[in-house]
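There are 2 protein chains.
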Amino acid sequence: MMTQYGSTAGGDTGTGSAGERTRRENLDRMFNPRSIAVVGASRDPAKAGSQALATLAGFPGTLVAVHPRETEIRGVPCYPGLADLPEPVDLAILAIPARACVQAAAEAAARGVGGVFIVSGGFGETGPEGARLEQDLVDICRHTGLRLLGPNTSGFVNPAAGCIASFVPGVDTLAPGRIAVLAQSGGVNLSLGYLLNGLGEGVSIAAGLGNAADTDTRDMLELLAEDDNTDAIALHLEGVNDGRALYETLCRVTPRKPVVAVVAGRADIGDFAVSHTGNLMGSRDRTVAALVQGGAVVVDTLDDLAQAAAVLARRRLPPKPRSAMTLITGQAGPGLLITDALKTAGIDLPELGGATLERIGGLLPPMTYIRNPIDTGRPGPGFPDIVHAAAQDAAIDAVLVFGISEPSVLDPAQALTPAHEATGKPVLFGTLGPDGDLEKARRDLRASGTPMVLGPDRLALAGIVLDADARHQWLLAQRGDAPETPDAPGGAALTGPIDESAAKALMRSYGIAVPRSMLCESRAAAQRAFADLDKPVVVKIAAADVAHKTELGGVVLDVRDAAQLDAALDRIARIPTAAPNRVLIEEMAPAGVDLILGGVRDPSWGPCVVIGLGGVLAEAVADSAVAIAPVGRADVAHMLDSLRGKRMLDGFRGLPRCDRAAIADAAAAIGRIMRDHPGISEVEINPLRVNEVGALALDALVVLGDDAGVQ
Amino acid sequence: MMTQYGSTAGGDTGTGSAGERTRRENLDRMFNPRSIAVVGASRDPAKAGSQALATLAGFPGTLVAVHPRETEIRGVPCYPGLADLPEPVDLAILAIPARACVQAAAEAAARGVGGVFIVSGGFGETGPEGARLEQDLVDICRHTGLRLLGPNTSGFVNPAAGCIASFVPGVDTLAPGRIAVLAQSGGVNLSLGYLLNGLGEGVSIAAGLGNAADTDTRDMLELLAEDDNTDAIALHLEGVNDGRALYETLCRVTPRKPVVAVVAGRADIGDFAVSHTGNLMGSRDRTVAALVQGGAVVVDTLDDLAQAAAVLARRRLPPKPRSAMTLITGQAGPGLLITDALKTAGIDLPELGGATLERIGGLLPPMTYIRNPIDTGRPGPGFPDIVHAAAQDAAIDAVLVFGISEPSVLDPAQALTPAHEATGKPVLFGTLGPDGDLEKARRDLRASGTPMVLGPDRLALAGIVLDADARHQWLLAQRGDAPETPDAPGGAALTGPIDESAAKALMRSYGIAVPRSMLCESRAAAQRAFADLDKPVVVKIAAADVAHKTELGGVVLDVRDAAQLDAALDRIARIPTAAPNRVLIEEMAPAGVDLILGGVRDPSWGPCVVIGLGGVLAEAVADSAVAIAPVGRADVAHMLDSLRGKRMLDGFRGLPRCDRAAIADAAAAIGRIMRDHPGISEVEINPLRVNEVGALALDALVVLGDDAGVQ
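Chains as they are written, first to last, in the working numbering: chain A, 1 to 711; chain B, 1 to 711.
Derived from the structure by calculation, the hints contain no laboratory data.
Small disclaimer: the values here were computed from a predicted structure and weren't measured.
Yeah, the Cβ is synthetic: ideal placement off N, Cα and C, and Gly gets one too.
Hints should not be assumed to be uniformly reliable.
[Said to hold, decoys possible] Lysine-lysine pairs mimicking DSS-like chemistry, simulated, CA-CA at most 30 angstroms apart:
1) A/440 to B/47
2) B/425 to B/320
3) B/549 to A/646
4) A/343 to B/343
5) A/549 to B/646
6) A/646 to B/646
7) A/47 to B/440
8) B/440 to A/440
9) A/257 to A/440
10) B/646 to A/343
11) B/47 to A/646
[Unchecked claim] According to the in silico footprint, chain A covers these stretches of chain B (three or more CB under 8 angstroms from chain A):
12) 165-178
13) 525-537
[Stated by the list, open to error] Coverage of chain A stretches by chain B, computed from C-beta distances (three or more under 8 angstroms per stretch; other residues unrestricted):
14) 24-33
15) 555-563
16) 610-616
Sequences and hints are given; from them, build the entire structure.
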């Protein structure tokens, strides 16, 4: 069966480039093909062109092949070239060497093919020559609307469409299902497919993007967001080139379909460079932060990725900062481990309401533990009613149930399904037992869409990802509420170098509080300023040619009287500089907790905001959090909550309870500064002194990049 | 078949208590029974006594039942009481209420039964009355040598012996294998059994200890260490009563059999009390530290526990501080994730030797990545030789191989087995693929004992636990080398309260350096001391009735001349105390990095040593490490390496590079102080000032417990 698109040439623009609609339609054709051509078909079983035909043997649509001489291979009709195909196919698989692919792609485009999949390597990943070939392919795609998967990938499968566009034998065993796999690596794509199969799950579309010359992660996310067969997306990323655009795509996609991601590069954690806030967080941290801000759930392993996607494909919680759950367990020991994991992850296991407890109490023998978790002991006839009662508790968003398989006393579908159906709340089942029991339980629960996972650890994981998904969606929804300073000055050009005084003026103009100060060009001016300001003051050298003020003795603290002022000015005057008498006299800040607040510009993710606790130890333990700008109050609260030393903010050891709203406002302002001034490569407030009533930038640094002042 | 033991009465002591040999033999009889009696047998399928007979239907030995009236149930001959049994059975299963168990146990002991297993609850876990029943059971065991499993447990299985001593249906599906499961909770025992089955593994003995009134973790570890069917032990702990003894057992067992453990209570991490070093680490941290010191590998989840035990049952590395590994992967993407996880865990992936690289280079096409990891691209015919070459590299202790199943190009047994056989080094396989392929690969690899795991995450885990096992065994072997101060004074009785000066004297007597100081009872004495000491000095109030010296202004730093000394003495004299002129004059310490070093006495684990970085932030981020005393240099190095802020010790940000040997010696001394003085409940050096050439105790606190001075 052929599609409705006779030509891939862009009909909706007149610019010589294919239109977006055509590109989008062709992407859909490629991944849901009803006709496929194998270019480079072969009778030699060792050749990719033979393997492609073998894996496509069960394809229910039209299958043709391109071969210079043959008229038929394995029962598949052959044509000498793509131009000779009787109809334009949705997908052409190019099982030919790299150097032949450009010509083939051009022919495919001319014949109205939807997309081509190139398995070969030998392109951008190998050097300049390969990169040229790859660019030629990209040009053909851009101009004609032809889509390209790869090159350098093991391909994709769409089991429901009977399309096994991969040369790896065994991939045809991947079952159809409702989880999409989207991997940067073909090997990870296959791994995830098999891991999902191991969980009893199948895939809708599972694609390895390879070099992603044309079809990239964003294209796929947009496609999958609209795909009726996909309920959740499992995403694997190694590196991200156009992060900001990916973030924006995620913001659109994740409210519709849950996205779970693994990001390679954990080993870089701890690999912190030592000189700048900009290097406090490795780029993987920025990637993870941006994915979370885009509403995705990020996990550490492929095992967790597969399991999380399987759960979220069936159930999501409504957006909420923290979801409340209850655990009902038939066995105390596993229940303790689940509770442990949930609490370690910060999940709220609140006290159940009095009516709930009373109802459950009537269903359980004395001496069972009825709080949260609820330990029923070995499940009895009242188990379904206990689940139901817990689900009906107004304080509870989701119910987790664990029970080792005992079919004679616990029928999972009967125990869990009514509670979900009556309340609409997710009710999840964790179990273990003989294989036969598990298969039956999974079959029974599938009808109601109840997630079932194996073992205590995975039930805890299920709860944790439900909560994370709901929180990230809540954060995403809040972001529209990020406070904007009405009088934000916009992108007035800055010229460098920018000294502390100018940097603080910039901060102040964005609403960040700074100490009262006066910039003095002479000793007399300094003395007048001293008279005017509240004592004690700090005297700082303000020469633009002095970078390391403190190290050179250019900062004198706690100056209380005229004699001390004179001594300070004398000391500073001895520092070799072109402007020895230029000083900043500044009121001493009250005591508080010192943070570092910075802004950096990531080549992929754009402006980012970084917050950490101040001091050498905080740097040594790398205790900081990053987010891509703009950030709202909720984002900053989330960042602060992720700090290991967050207790420092809450009145620890006699320290003041910090004004978190003031921190959030300052962080949001840093985001706006970065947004408004593309010429700034980095800003840093170190320290940001915080106490009960505000946050004060005691020192400020603004670094202009090479593109300083260029919008 | 009956055993050789006609009576359980202790024949090898004359004290009225059963001898250890009898107890040990009876434990062996109970867990490897050749004859079983079910007490409380029943025809009612809802009763435990019926379920017990059902699960034992396949038992190959002698099966009898006790029932007051019946002569036969389900074909099993019944006797009215245990006394009436024709022969003393190895195991009696008491499927009767709690209150009837004591009488039954007494009868069992009299009839020469090896051990009884009590499933019922209603004992110690329910209150004083139950505790009395439980104590009666314990008394019977102690006096007669009868062993008891439980009460309050789901029992145990020994599939190879055909013994399913559990009432949970389905447990009979657990396959025989070479991994022992030892769980505090019956539910966790079953969970682990099923998880192992899911990995294609079986169990030797899988036991849930329940209340562990008689048979406890130590007994089981000793039994399993000798068990010819057990190659690794999977251990689950919730709480440990006699930790010190468990540690000593582990020290004996783990060099013979690998032990992997999960400890419940992670949620307590971060639940740090705020006032003492003693509370810096929750008790779970002490448990984990002690298990590691005993040579066990501790993991976080049951999934990891099952997988780690399955790997270590087949391969161990020789004791070594860090093992070096190489990864050979057929797919780059999964290889990157494995490398990531290994490096994050600190595994050494060294450069391969030149000869190795040359040999491998000849086997691979150009442009494959031949460093460490080695990315072969799709496996080719040279794959086995690559594995072989890597295994032969002298720098490599273990080889990890990952390849998605492609039976036509990669035969796992052929690729991996020769490399192991030629070198004796562990060669591990990680894979994924269609179920049939995996089953065949697992079967093929089983013959050579090659561990096979599913997916990238688990291959990384396998490498990580091999390394941890080898490191913990190395640490255990080093512990004999803990430096002992020859002139250690032993347990001279201490009387309290102990002031700073006395505390420092104690430290000094154990070889811990303290600043030069003089305790002065008058202003004149203080002035003489000042003249004698190097300047600057610190002047500290030394009144025993002043606890918070610094907060009260009782510590004056940086005193450089006579006027400053007078001012300091004046200031201290104003503090209300019975001894206003008693001061400690002490030389100021050079700059350095401040640590906290402490000793605490854990009720279960005994004396422990705690090390953390100094300062409020370090406390807020809970960056400290604990070990049970005694500790050697290697232990302390391990502790310091576990600090998140360990970079602070290595010349971070201009700080001195710390003398780790001096820290280790001080920590070892703290351990000896705790050992020698049982009256001390807590010691704390805060700060321990460390620089390039030593560690100096600037302040010291010794707290005597209620048992102060009592040996």
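How the hints compare with the structure:
A distance of roughly 25 angstroms separates the Cα atoms of residue 440 of chain A and residue 47 of chain B; the hinted pair therefore holds under the 30 angstroms criterion. A threshold of 30 angstroms between alpha carbons decides the hint, and for residue 425 of chain B with residue 320 of chain B the separation of about 14 angstroms falls inside it, so the pair holds. With a CA separation close to 28 angstroms, the supplied pair residue 549 of chain B and residue 646 of chain A stays within the 30 angstroms bound. Restraint check: the Cα-Cα separation between residue 343 of chain A and residue 343 of chain B comes to about 28 angstroms, which is no more than 30 angstroms; the hinted pair holds.
A threshold of 30 angstroms between alpha carbons decides the hint, and for residue 549 of chain A with residue 646 of chain B the separation of about 28 angstroms falls inside it, so the pair holds. For the hint pairing residue 646 of chain A with residue 646 of chain B, the CA-to-CA distance comes to about 20 angstroms; that is within 30 angstroms, so the pair holds. The hinted pair formed by residue 47 of chain A and residue 440 of chain B meets the criterion: a straight-line CA distance of about 25 angstroms does not exceed 30 angstroms. A C-alpha spacing of about 26 angstroms is found between residue 440 of chain B and residue 440 of chain A, which places the hinted pair at or below 30 angstroms, so the restraint holds.
Of the supplied pair hints, the one linking residue 257 of chain A and residue 440 of chain A holds, its CA atoms being roughly 28 angstroms apart against a limit of 30 angstroms. A threshold of 30 angstroms between alpha carbons decides the hint, and for residue 646 of chain B with residue 343 of chain A the separation of about 28 angstroms falls inside it, so the pair holds. Our distance criterion of 30 angstroms between C-alpha atoms is broken by residue 47 of chain B and residue 646 of chain A, whose separation comes to about 54 angstroms. Coverage of a stretch by a chain is defined here by at least three residues with a beta carbon nearer than 8 angstroms to that chain's beta carbons; for the segment 165-178 of chain B and chain A the count is 4, and the condition holds.
Under a criterion of three residues with beta carbons nearer than 8 angstroms to beta carbons of chain A, the stated coverage of the segment 525-537 of chain B fails, only 0 such residues being counted. A count of 0 residues in the segment 24-33 of chain A with a Cβ less than 8 angstroms from any Cβ of chain B is obtained; the coverage claim is therefore unmet, three being the minimum. For the segment 555-563 of chain A, the stated coverage by chain B is not satisfied: 0 residues place a CB nearer than 8 angstroms to a CB of that chain, which falls below the threshold of 3. Residues of the segment 610-616 of chain A with a Cβ under 8 angstroms from some Cβ of chain B number 3, which satisfies the need for three, so the listed coverage holds.
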